[in-house]
Amino acid sequence: MVYMEQLSEKPLYTFALFSDVHIDEEKFGQTPSSWWPYSTLHWKTALDFAAALNVDFIVSAGDQVTNANPANLIHEWETFQTVFADSSYVNPIYCALGNHETRHESFAEQHRQSFRFSSGLNSCPETLKSGLSYYSFLEQKSGDLFLMMALEKGFNPPGQEQFSDAQLDWLETMLTDNYGKKNIFVVQHALVKGFGPGDLSSDPYYGGGLSCDFSGVKRFLNILSNYPDVIWISGHSHLDFCENLNYSNDNGKMCHMVHCGCVSNPTRFNQSSHKLDYVFDKNISQGYLVKVYKERIVFDPYNLCDSKLYEKQILYVPSAVFSEKRSFKKPDGDKVPVVLDKSNLDAKDFISSLAGRNLLEKAKTFLQQKKSFALYAQYQAVKKYVSLFSATANQSLWEQQLLNLLYDLFLMVQTFEQPMQKAFSCYK
Numbered sequence: 001m002v003y004m005e006q007l008s009e010k011p012l013y014t015f016a017l018f019s020d021v022h023i024d025e026e027k028f029g030q031t032p033s034s035w036w037p038y039s040t041l042h043w044k045t046a047l048d049f050a051a052a053l054n055v056d057f058i059v060s061a062g063d064q065v066t067n068a069n070p071a072n073l074i075h076e077w078e079t080f081q082t083v084f085a086d087s088s089y090v091n092p093i094y095c096a097l098g099n100h101e102t103r104h105e106s107f108a109e110q111h112r113q114s115f116r117f118s119s120g121l122n123s124c125p126e127t128l129k130s131g132l133s134y135y136s137f138l139e140q141k142s143g144d145l146f147l148m149m150a151l152e153k154g155f156n157p158p159g160q161e162q163f164s165d166a167q168l169d170w171l172e173t174m175l176t177d178n179y180g181k182k183n184i185f186v187v188q189h190a191l192v193k194g195f196g197p198g199d200l201s202s203d204p205y206y207g208g209g210l211s212c213d214f215s216g217v218k219r220f221l222n223i224l225s226n227y228p229d230v231i232w233i234s235g236h237s238h239l240d241f242c243e244n245l246n247y248s249n250d251n252g253k254m255c256h257m258v259h260c261g262c263v264s265n266p267t268r269f270n271q272s273s274h275k276l277d278y279v280f281d282k283n284i285s286q287g288y289l290v291k292v293y294k295e296r297i298v299f300d301p302y303n304l305c306d307s308k309l310y311e312k313q314i315l316y317v318p319s320a321v322f323s324e325k326r327s328f329k330k331p332d333g334d335k336v337p338v339v340l341d342k343s344n345l346d347a348k349d350f351i352s353s354l355a356g357r358n359l360l361e362k363a364k365t366f367l368q369q370k371k372s373f374a375l376y377a378q379y380q381a382v383k384k385y386v387s388l389f390s391a392t393a394n395q396s397l398w399e400q401q402l403l404n405l406l407y408d409l410f411l412m413v414q415t416f417e418q419p420m421q422k423a424f425s426c427y428k
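Letter by letter, the sequence shown follows residues 1 to 428 in this note's numbering.
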């Protein structure tokens, strides 16, 4: 796309980029099951893909659930969470709020609240307490910034305003304060009709894009046009990678715009009906592996079902920061913080003791029982620590860290809370 070269060095970090998971089980939702027949299976496949590649985190660009019926929304989120909990993936996930998270306008605020408690956001208590559905997070090794936006106003993107002044003020401030210092990714679910990737811009087939009839959409585009090195990631139209409409920068007039493939089921152009047709195929689910290097960012598009790389659709985007003087924080690796000073206790003896084994079993039981949770960071930490313990219990290098780990696990198991129930109280 922008340029291509051999990539021999190791990336600074990697992440999996997904969109449009659309959990909607037939027994719960009112949407015809033929719309999303493989969404739960494909969500599991996507997580297995991310785990196999050991990405640093996952970014989901919106529409995690379908939200066919407000009364059944909790079941969709529980399915989304349960598949996540049962997967082998152990690192963070960051979700943006799409239009299907707020499908019924009269319940929009309840739906946004459910999203905040169920998606995990950036696994930060401060974010949950803010009462906002848009947020930011930093990639720790590089300092790169991710701005996770929200469609705030309801299900119908082309028919109503979607961005509050407060959200757009936040976006503009974050870009002004950070531009030129790091890579900045703006994750905003919906494409704009007739503009950018994800559809034909001159003769669009998809009618569900944001409309420039609304001042907020115009302002959103105007803000991004002032920051050409920003990368805006969208989903929404489900357009198949093979249609070759995954990137645009409006001939240099706009920021880098990347359209993400669809986990649930992609769409393709139908020239007869002049619409996008859904592809209902158990063996097709799409997403990106994103590799961030010092001077470029590579988007590798995959069929998640068979890990097939769509080589012709690989995107190469220049990094926003080229300076050789750019400094990065040294990663902590798998360091586990010390919770209690047990320097006088032999770690190996404790790990092999009845108390140590019992604590590990308690943590495993916790993983089996806690399928609904508000903070993914806590749950993922327990899952990751148990995995680490199992893999390294016989290695002396890890003895002290494993001892600390077990005490961390004990505290987590004892103090875990489930504020998710509060979010759904309005439906009971």
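The set of hints was computed from the structure by calculation and includes no laboratory data. Don't be surprised by glycine CBs; every beta carbon is placed ideally from N, CA and C. Do not take every clue at face value.
As the list claims (entries may be wrong) - Derived DEER-like restraints, expressed as beta-carbon distance ranges:
id	residue 1	residue 2	range
1	G252	E295	40 to 50 Å
2	L200	N156	33 to 43 Å
3	G143	R219	39 to 49 Å
4	S387	K218	40 to 50 Å
5	T176	K312	35 to 45 Å
6	H104	D169	43 to 53 Å
Quick rundown of the hints versus the structure:
no.: 1; hint: G252 - E295: 40 to 50 Å; verdict: violated, 19 Å
no.: 2; hint: L200 - N156: 33 to 43 Å; verdict: violated, 22 Å
no.: 3; hint: G143 - R219: 39 to 49 Å; verdict: violated, 27 Å
no.: 4; hint: S387 - K218: 40 to 50 Å; verdict: holds, 48 Å
no.: 5; hint: T176 - K312: 35 to 45 Å; verdict: holds, 37 Å
no.: 6; hint: H104 - D169: 43 to 53 Å; verdict: violated, 27 Å
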